[in-house]
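Going line by line, the protein sequences match chains A and B. Sequential numbering from 1 applies to the first sequence in this note's numbering. Sequential numbering from 1001 applies to the second sequence in this note's numbering.
Hint data in this document are derived by calculation from the structure and do not stem from the laboratory. Just so you know, these numbers come straight off a predicted model, no measurement behind them. Note that the Cβ used here is the ideal one computed from N, Cα and C, for glycine as well. Treat the hints with care, as some may be off.
Selected chain B positions facing chain A (in silico; Cβ < 8 Å) [claimed, not checked]:
1. S1014
2. I1113
3. Y1144
4. H1190
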Amino acid sequence: MLSRNFTLQAAGDLDWIMEHYEFDSIAFSIDELVVLNVDRDISDMEQFCGNLAKISAHCFMPIAAGGRIRRVEDAENLLKSGADKVVVNSTIFLDHGLIRALVACFGSQSVIASIDYKRVQGNEEGQVYIENGTRPVGMTLPEAVAHAVELGAGELYLTSITKDGTGQGLDIEYISRIGDRVSVPVIISGGAGNFRHLSDAIKLKSVSAVSTANLFNFMSDNLTEAREEIIASGTPLATWEKTARNANR
Amino acid sequence: MISIIDYGMGNLRSIQNALTFIGASHSLTRDPDELLRAAKLILPGVGSFRKAMENLVGLGIAESIVAAAKLGTPILGICLGMQLLADEGEEGGACNGLGLIGGKVTQLETGSIDQRVPHMGFNEVRFARPLPIFTGIADASHFYFAHSYHLVGNRDDIAGTTTHGMPFTSIVARKNIVGTQFHPEKSQSHGLRLLRNFCYGPIC
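So here's chain A without its partners, still in its complex pose (with noise of 0.2 Å):
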């Protein structure tokens, strides 16, 4: 797992993280976990599934997983790896026979279009990239959202390339100028430094969800903080039992 910024940061490997996060703790503060498979070696998406199946041993909530799939068969394994879900990127713009194909075999709620775009100036529109913000695929971010969605792209998950690593907050501003007329799902990430952050993001109606890898926030308590956060700032979250533990009681 790296905390997702452009100039990645390597913040332990997956025993490493058990140790140090108390995740099954940190589990019952979250909805919903995104696992991203950053590896530029190909041939390491079976150690990538060997550890999901872990993960979702021990987690029961929704888990997305992505990175490098290149043939359903790919998202097939990190399916049957514990994912309910997979998370595709560039694809979107490079292989939209392969997006098709995988809404048909798994359905469009088992598919999520992860956009990234860079955003300078306060008015313009966002213009989307791939391959780690370094290739321009030429569309604005509404162009890419309607192209996603019209491939049956269950969810989106839009992140902010110039937000993104800053801490400074997430770019809730151009999200609610543009997200009333999507009609699936939106995530936002990027930017997200403190909880205000996410519980102002989360406010907006157009924001579905709000999801965060800085590193701040799975520090100690601070997941479960901002979660309490988020729900006495007015915005009705879930409350579960804080281990999974008490289930069995």
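Based on the hints, put chain B in the right spot on chain A.
The following block gives chain B in isolation, referenced to the frame of chain A:
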């Protein structure tokens, strides 16, 4: 022994993980005779209604499920598995269901921003009447949903409702048959509790 019906529709690992976690012995099966002998059945499912029914009929297990239901075997249908309990579905072309719960499965209406389809994420379930499988779970608890279709059935079979833009049936129950539109195996402590109630307790 709980039998999880394996008919090629969707990921069964998460249900197995959840049953392992609560300590309920279980097996995957597609053997029609084994289904008839099972203490309890779980009918999971992700994908299209029509394809699912084709698989159930093709494997010769649709009849076994109906026969087991008549014998009084407790059956829990999850998500598409709940929808398959109905008389008919329209996803992938009109098609008969198992007919264990009356009604028809139709597409969720999409409209305002509060009604994005698919309906994804945790949402509140209001219990319509007390059932043993709700033991220890507060009314209006949150469960995880991921669906574009819903079951429109008889009022008497509604055991829980949820609102996504408009109210829909999120739990059905008739005698030994229960169905949840949400995924209990993906619904944190509430879902684990519901599964535990199903596995260890009476169903009606």
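Hints, verified against the model:
no., hint, verdict
1, S1014, "6 Å, holds"
2, I1113, "5 Å, holds"
3, Y1144, "6 Å, holds"
4, H1190, "6 Å, holds"
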